[in-house]
Amino acid sequence: MSVLRVENLTKRFGDVLAVDDLSFSVEPGEIFGFLGGNGAGKTTTLRMVLDIIRPTSGRIEVLGAAPDKRKSDAIGFLPEERGLYSHMKAIETIVYFGRLKHMEPADAHRHGMELLERFDLADRAKSQIGDMSKGMAQKVQLACSLVNRPELLMLDEPFSGLDPVNQGLLEDEILRASQRGAAVIFSTHVMQHAERLCDRLLLLKKGAKRFEGTLDEARATQPAHITAIARPAIADVPGVMRADRVEDAGQDWARYDLTLDPGTNADAVLEACTARSVPLRRFEERRASLHEVFVRMVGDGEIER
Amino acid sequence: MMRNILLVAVREFRQIAMMKSFWLTLLLVPVALAIGPLFARSLDDEEATRVMILDRAGGSAAAAIEQRFALEEDRHTLRDLSRYIRRHELEAADPDAAWAQHDRWYTETDVEQFRRQGGLDAALQKIERIRPEATPEFEPHEPEYVFAPPPSELVSSQDALLDERIDALLDADEEEAGEEAADYVLLIGEGYPADPMIRLWSKDQPRTSFVTQLQEVLTGELRQRLLLQQGLSPDQARAVQSAAPAIAVTTPPPGGGAREALLIRSIVPLALSYILMMSLMLSGSWMLQGSVEERSNKLLESLLACIRPEELMYGKLVGALAVGLSMITVWLGCAAVVVFFTQGAIADMIRPALEPLSSPGVILAMIFFFIAGYIAISIIFVAIGAMADSMSEAQGYLMPVLLGILLPITLLLNSIVAGKEGLIVQLLTWIPLWTPFTVLARLGTGIEWWEMVGAGLLLAAFVALEVVFLGRLFRASLLATGQKPGFRQLMERFKPVR
Chain A
1 MSVLRVENLT KRFGDVLAVD DLSFSVEPGE IFGFLGGNGA GKTTTLRMVL
51 DIIRPTSGRI EVLGAAPDKR KSDAIGFLPE ERGLYSHMKA IETIVYFGRL
101 KHMEPADAHR HGMELLERFD LADRAKSQIG DMSKGMAQKV QLACSLVNRP
151 ELLMLDEPFS GLDPVNQGLL EDEILRASQR GAAVIFSTHV MQHAERLCDR
201 LLLLKKGAKR FEGTLDEARA TQPAHITAIA RPAIADVPGV MRADRVEDAG
251 QDWARYDLTL DPGTNADAVL EACTARSVPL RRFEERRASL HEVFVRMVGD
301 GEIER
Chain B
1 MMRNILLVAV REFRQIAMMK SFWLTLLLVP VALAIGPLFA RSLDDEEATR
51 VMILDRAGGS AAAAIEQRFA LEEDRHTLRD LSRYIRRHEL EAADPDAAWA
101 QHDRWYTETD VEQFRRQGGL DAALQKIERI RPEATPEFEP HEPEYVFAPP
151 PSELVSSQDA LLDERIDALL DADEEEAGEE AADYVLLIGE GYPADPMIRL
201 WSKDQPRTSF VTQLQEVLTG ELRQRLLLQQ GLSPDQARAV QSAAPAIAVT
251 TPPPGGGARE ALLIRSIVPL ALSYILMMSL MLSGSWMLQG SVEERSNKLL
301 ESLLACIRPE ELMYGKLVGA LAVGLSMITV WLGCAAVVVF FTQGAIADMI
351 RPALEPLSSP GVILAMIFFF IAGYIAISII FVAIGAMADS MSEAQGYLMP
401 VLLGILLPIT LLLNSIVAGK EGLIVQLLTW IPLWTPFTVL ARLGTGIEWW
451 EMVGAGLLLA AFVALEVVFL GRLFRASLLA TGQKPGFRQL MERFKPVR
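Quick mapping for you: the protein sequence lines, in order, are chains A and B. Residues 1 to 305 in my numbering are what the first sequence spells out, letter by letter. Residues 1 to 498 in my numbering are what the second sequence spells out, letter by letter.
If we strip away everything but chain B, and leave its shape as in the complex, we get (with noise of 0.2 Å):
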């Protein structure tokens, strides 16, 4: 028996890999996760946000604001660096200095001391010295927002003229106007403080970080000339100015904060589950192609003469599990490259990520409910390819099975991402055409023992019915051709042959 199912599961597998949408496919979704990554950031806008000032009152508030714009620049900066310096354990290069320190959101004092030092060249130059070869070097960030100087017939123009001139900054390329455009453009009057109205012109939605540090910078102005003119002295003034409570941070190193943790300790699962259910609708498809055809072509008596109806079925399952399985292996085999020549965070990431794979248990669970999700599904589509004579007809038992398998899979692994482990998950786990999905899914964010015992012995007796009932329609349906069954023959068709 096994010799005739792996017979027909090697034809099974040879039909499929000579398929051109087989090679297609499994070509494409590697060089599709490598694309869109790039693509993604290739759309992420990392160009800096140009932006200008007209201060007409004097040049006081707009140096306040670069200031101020420069000083949370290098404040990001510096949270970067201890970010890198944590991850490499290089807090040996100058434990003195502030981004070797990781245990408070840093003050403008530590921005002074850490410009004070040379900033984040000196930097460099002291971790360089310790640095190892295989650690990554520091990539700064690209600066949020660049300060350019006016156009001279702007500080001149008034009104309409000044609307004008400014659309037509909005509106320039930047790539072609260079310094002749703006993102931002930013009026502050002649009047300021004692008439506070300041204009913003903005080429889109104005970023509410910039509205919000505008806003700061502005009022500290406002509050610093008045604290001036009810008699304070500029240094008492700029004390109560600066008065802010320090604020001690405690963070999990990188990748290890809880929500972070949870969500890269799911990337295996997650992506177990996501494989399982694009492997298992393509080589479903392909496999349910290859019934039509047998059934199209009549060469299933041929067939059945040599060989059982169901080492027929067993040999289509085989060959399409193989199939899954040799696509999962290459796409796998694409990510154990990448994750290889990868340095840097993506290496960082995959250690915790692959943590769950420590467990024997685990890695046990995640082969026996992929394996399992594979025939559970499978043999519906053999079913279906049984009963269809053509692919249209195939198409119309297809849609709704999809549909109805699909639908609360997407559900499910947005919940699952999102974080969200409600009554719905919950379900899904104990219903078993969902449970390989949602168990897969589960297993970085935690489920417990019993759950996926349970809810594996209860996937394993599906299969088993499965095995029986649709074995049974398969064989009843096999020489039915050109028969559209009615309720009462598909029904007919569960019995036991007599």
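In isolation and in its complexed conformation, chain A is listed as follows (with noise of 0.2 Å):
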């Protein structure tokens, strides 16, 4: 059973359509990568999974249930949008927000300190929120939403704002989390952190569904690129759109960047040149990166370097 399953989503503000139809689900252990600029829609769609908001057409089903049944249990969200209580104490908030997804207090104290002690907090565990550095705080509030060792985790843009360090420290939280067999769903549009963790991406534009599928699928879906030192024959086999000679490098040989047919892969075309007896001295491979898969799809004016 998906631990998600959404189906035909759509949202609409007044004359503005926030979400378009939108249809994908989530599998138990899979790491899956909610990709977009900003407005398309990414916190929308989680904010109507975590009934905050409600759709105005279409079908969400959370471990099998509808939203607002709630299954707080089994969900933990780190919001785009931080913050706690700022006079209460680190250890405090944890078992706070731990008792609110129904978790008795010794088991939400006892995980809260694992998780602290995870994130190198230990030691702060008794300190106030409000007493504490940015980072620190960032860290409290996703042992927040870890407390309950949930089957779905959401984590909108949970990457803003952290340093390396803890941008680390959160990449090893969602394989741990993956590894025990939850879901996991965070938005991003930093390409780095989806094509190092992502074992599914969606990609949405406007509100609308562009791609849906795995990193490989998303970079077939753009033309592979081809470094070889060959003679002028390359541009006339089978499956190369277009050959550029880049440099010269002597008696008749050049280096060239082949542009391949879409949906024409590397090892065609290698065979190919077999076949045809074109001599080869160098063929490389270079597949397209996510971060020109979301350019070509989504547009560069919304993506994070």
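Some hints here could point you the wrong way.
Stated by the list, open to error - Now the in silico label distances, taken between C-beta atoms and shown as ranges:
| # | chain 1 | residue 1 | chain 2 | residue 2 | range |
| --- | --- | --- | --- | --- | --- |
| 1 | B | E393 | A | E285 | 52 to 60 Å |
| 2 | B | P496 | A | H102 | 26 to 34 Å |
| 3 | B | P496 | A | E285 | 52 to 60 Å |
| 4 | A | D21 | B | P496 | 22 to 30 Å |
| 5 | B | Y274 | A | E171 | 39 to 47 Å |
What the hints contain is simulated information worked out from the structure, not anything from laboratory work. The beta carbon of each residue, even a glycine, is placed where N, CA and C say it ideally should be.
Using the hints, put the two standalone chains together into the complex.
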């Protein structure tokens, strides 16, 4: 059973179409990237999954139930805009959220302390949130979302505002959650994290789905590039859409940048070269990065480098 | 659902209980209530008014004035003693004594009899023999006037010098100058009574009671002389002067007079109404602070991922109610301690004051109107908290709401204290926002049962509507940070969630 299933989800705010007929599902143990630029509908979708706002139409199923059943004991959520009660102590805050997710106080305290230990904050467990640095408070909030060992972990722009060390820590936690079988959804517009972590991706533009699939499938949507040192005959090999001569390599040899027809893979071109006795000194495939896929599908202006 | 509401309520309560302002208010109110009467007492002018009489007509007029004031002083003591005897049922001490008879206005003959029997000291000795241990001792009042002899240099002074010396006497600080200070100086001229002009110098505006008594004495003196001149014997003249009707007075026991009883019966309901108002304003503003913090610290989304907006709203309401009730418990506890350790008049007054609580129906009504009133007003604070991003923005919404609620209540409570139950009071009984205050305040003075039930039902319906509509506003406003809603957007938020 899918942990999260979304079918034909639409949300309108007055005349603005925020989410447009969106469908996807997330399976246990899967890390699912929710990619899109600002205003693409990522946060709106996550809020509908949490029943913070209601969809205009469509259907959502969280662990087999409607979102208004609020299976908060099985859900962990880290919002994009973060904040905690400044007068509460770190461990008190974690226990409070644990209890709101139907945990026993002792269990919430025990697991909360484990998380603080892992986040190198055990000695600040009794510090007030208001006395902590922003980075520390963000880690406490991450602990709040993890304290109930959620089956569905949703992280809205989790890496924003974190230093590289804490970004690494967060990546570890995402992988850890996935390894214990939780479905993890995180929205981001930083492609490196998605590239490193995601099993599957969903690209959104103006509320509508542009792509859903694995990283390989995403790359495959873009023409592959091959760097080859060959003779001019390479341009006539089937599957080669374009051969750009980059530099001369002497004696009729040159370095070419080959652009393949969409759907043609590098192996087929290499095989055709061999069959046609096209001589090659170098044949190196360079696949499209997620960044390039995103730019092509969503637009350069939407991306954060 | 209940579990989450309680969790939110406990957190709200703890947050407020951690505020210094909460403890300050909690302790300040009983302290203020305790200090208030003491302060008021210190403001009371308990010092006797010092009077000097400069009688240049021989001294008989001055003697008559002093005798008359002494008589009034003893009449006052007799009246106080009579009330004390009646309150504590101590008539057995001397059933024939004037102070054991409460059926008349004490005449000069009564006062004379009181004096002949040894005055206050002798009366207290008799009372002491039968006074139970728990009964407080009689506390005589301070005399209103003391007559002091004028300084010798004043006696010989005339005109401008006299004025100057009298001014010095009036200006002198009584504590420092002692005998050389006066509040009133009275000059009876050499030509009196042929020249009936009397001069009175006073530090402030002279008391009416003083001038009236003075006039009575001097008029009596003048009439006495006239009657003698007309050929009447001194005894005949005195008989004419002392002819006065005997006034029989029937009064309820102390604290039992209609107006007095009404006020005393209203103490607890009125106090509840005031307390409701005070605790509402305080806990409401603290709760508002908490709500604004949740919005400005952007932690609403984290909360709403765990609980429903309604649970958050109800939790806040329960938390505020708990804060209010705990404040009231402490304040009433302080009052109970005061009552327990206070003897005499206060304890006597408390008994009739608690009379309205003898009926279970009234107790239930008090609890209902108190809690319903708390919810009806607190929910407005909660809704404001959900709409405001900062305390200053919240104040903008809050001020008109507070004024709208408090102004009529202030007028209302004053009307009820004054014993008036006019159209405004009737009207406010039926307007749900003010129903709890009005009904609570009227419980002591008497409110028809059908009015109470009808207003209660209306209030319950109003609270239900508030929960529905302000609940929608709360939910719709929660995540709309940074947007100042116009009237249209505000109206949109009252619509059901799609």
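For each hint, the structure was consulted:
no.: 1; hint: B:E393 / A:E285: 52 to 60 Å; verdict: holds (59 Å)
no.: 2; hint: B:P496 / A:H102: 26 to 34 Å; verdict: holds (28 Å)
no.: 3; hint: B:P496 / A:E285: 52 to 60 Å; verdict: holds (57 Å)
no.: 4; hint: A:D21 / B:P496: 22 to 30 Å; verdict: holds (24 Å)
no.: 5; hint: B:Y274 / A:E171: 39 to 47 Å; verdict: violated (60 Å)
In summary, the one numbered hint that this structure violates is 5.
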